[in-house]
Structures are given as structure tokens and as C-alpha cells.
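Using the sequences provided together with the hints, build the complete structure.
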Amino acid sequence: GNSVTQMEGPVTLSEEAFLTINCTYTATGYPSLFWYVQYPGEGLQLLLKATKADDKGSNKGFEATYRKETTSFHLEKGSVQVSDSAVYFCALSPPRGNRDDKIIFGKGTRLHILP
Amino acid sequence: NAGVTQTPKFQVLKTGQSMTLQCAQDMNHEYMSWYRQDPGMGLRLIHYSVGAGITDQGEVPNGYNVSRSTTEDFPLRLLSAAPSQTSVYFCASSYNQGFSYGYTFGSGTRLTVV
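Protein sequences, first through last, are from chains A and B.
Its first residue numbered 27, the first sequence is counted upward by one per residue in the working numbering.
Its first residue numbered -14, the second sequence is counted upward by one per residue in the working numbering.
Please note that a few of the clues may not be correct.
Unchecked claim - If we take Cβ atoms under 7 Å as the criterion, some of the chain B residues that face chain A in the derived model are:
no., residue
1, GLY87
2, PHE90
3, GLY93
Stated by the list, open to error - Keeping only pairs whose Cα atoms sit at most 30 Å apart, straight-line, the calculated DSS-like set for lysine-lysine is:
no., chain 1, residue 1, chain 2, residue 2
4, A, LYS103, A, LYS86
5, A, LYS82, A, LYS103
6, A, LYS86, A, LYS133
7, A, LYS86, B, LYS(-6)
8, B, LYS(-6), A, LYS133
9, A, LYS82, A, LYS94
Derived by calculation from the structure, the hints in this document are not laboratory data.
Only a predicted model underlies this, so the values are computations on that prediction, with no experimental measurement involved.
In this text, a Cβ means the ideal position worked out from N, Cα and C, and glycines have one as well.
See the structure below:
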């Protein structure tokens, strides 16, 4: 079946460091891929998405590229800020018509940024 | 502002009590769903609906009921609360089951069952 695996946290970095959060997936066909962010005490917010191979999603300085050959969608940011401290979820949406027609979430990666 | 509204934000129940968590969206989304979030478990799907009058079970449906009489509302009912249902509950909606748009989430209901 379809699944998402992301690196376990917590991830702790200093301000202005480079961030990578790994995400790999298993799916048939061409799913859509998403990154969501959850700030303390809030719901999940869509951060970025990519709907086909080689697409790059970007928002608020974060980027992720849909790599079909490695089934990956790693989240990157060149210089993190304290305000980026949150939990990040990788997710996939199976192609329309797939039996498992719901968004599937990874378990989340908690990010701490130290000033 | 358009979005998903959940009420209440916090609730404490005694074991055996029943209650309804409310969820409403004003974006004319067909698809609505309920998740629970527990430490170390990520998000788990409880129930979902692809349109008014249509509901289906998710990964962890036991102890919960849902109905969808209108496009806008998707309440979640706890029939007889148990301590294992202590969690944060999120409602999410999407235009087309989220295939390419993703979900819009509410801000959550934090439930404690004592």
C-alpha cells in the first residue's frame, strides 16, 4: 500500500543553519506530495506541494523537489530562523482512482531552532 | 475568514460521558475528515465523508460516530468517552479529496477524559 516515511526528530539546529528533513514514499503511479507545518497549539498548515515528477514546491524559503527516481520529497531551507520551530509533516495523495484515496501523513518531525 | 472552524477548543469529560465535537467549513468543500493526533503516533484518520449523506470509516473509528447532513458541517460524536480517547482532534476539508489541493485543517480540539 501507500506509505510515507520521514526522519525522526527532534532535529535541533542553530539559527541560520541549513535544514534538511528527509521524506521518502511508497506509492503506485504518480501521487501528489505535500509538506505541512504545525506550530505549537495550532492545526496543520499546507507549506508547499508538488503534483508531478521534477516539480519543485516552495514557500517561505522552504523548498522540496519531487524525485520519482528516488521516491523522495526532502524539505530544505538555506537559513532557518527561531520562528521555524514547529513540527513538519510529509504527506502524499494517491492518484485519483487509487483504492487508497486519502492523504497519507508521515509521523512528523519536530524542529527546534536555537537562537 | 474562510476556513475550518472547530468547537470547542478544550474539553474535559468524565469517563462514560458523551459529547459532540463540531466542525464547520465555508469553502464548499466536498471532502471532510476527522483525525486524532497522539504523541509518537502522528495523525490517524477516524472517519471521513466525500459529500453530504456519505460517510466512511478510517483507521481508528471505534467509539466515534459521524454524520454529514449538510456540505458545511461534519460533527464527531463520542458515544461513551474513555481515557484512551484523550487526544487532540483535528477536522480537515478539501475540494476534491485532496488529490492535488491538499487539506485545510481546523485549529483542533484538545480533549481530556478523566
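These are the hints, each one checked on the structure:
1. GLY87: 5 Å, holds
2. PHE90: Hint holds; B/PHE90 Cβ to chain A Cβ min 4 Å, cut 7 Å.
3. GLY93: 5 Å, holds
4. A/LYS103 to A/LYS86: 9 Å, holds
5. A/LYS82 to A/LYS103: 13 Å, holds
6. A/LYS86 to A/LYS133: Judged against 30 Å, a Cα distance of about 22 Å means the pair holds.
7. A/LYS86 to B/LYS(-6): 28 Å, holds
8. B/LYS(-6) to A/LYS133: With a Cα-Cα distance of about 23 Å, the restraint between B/LYS(-6) and A/LYS133 holds, given a limit of 30 Å.
9. A/LYS82 to A/LYS94: This hinted pair holds, its Cα atoms lying about 12 Å apart.
Taken one by one, the earlier hints all hold for this structure without exception.
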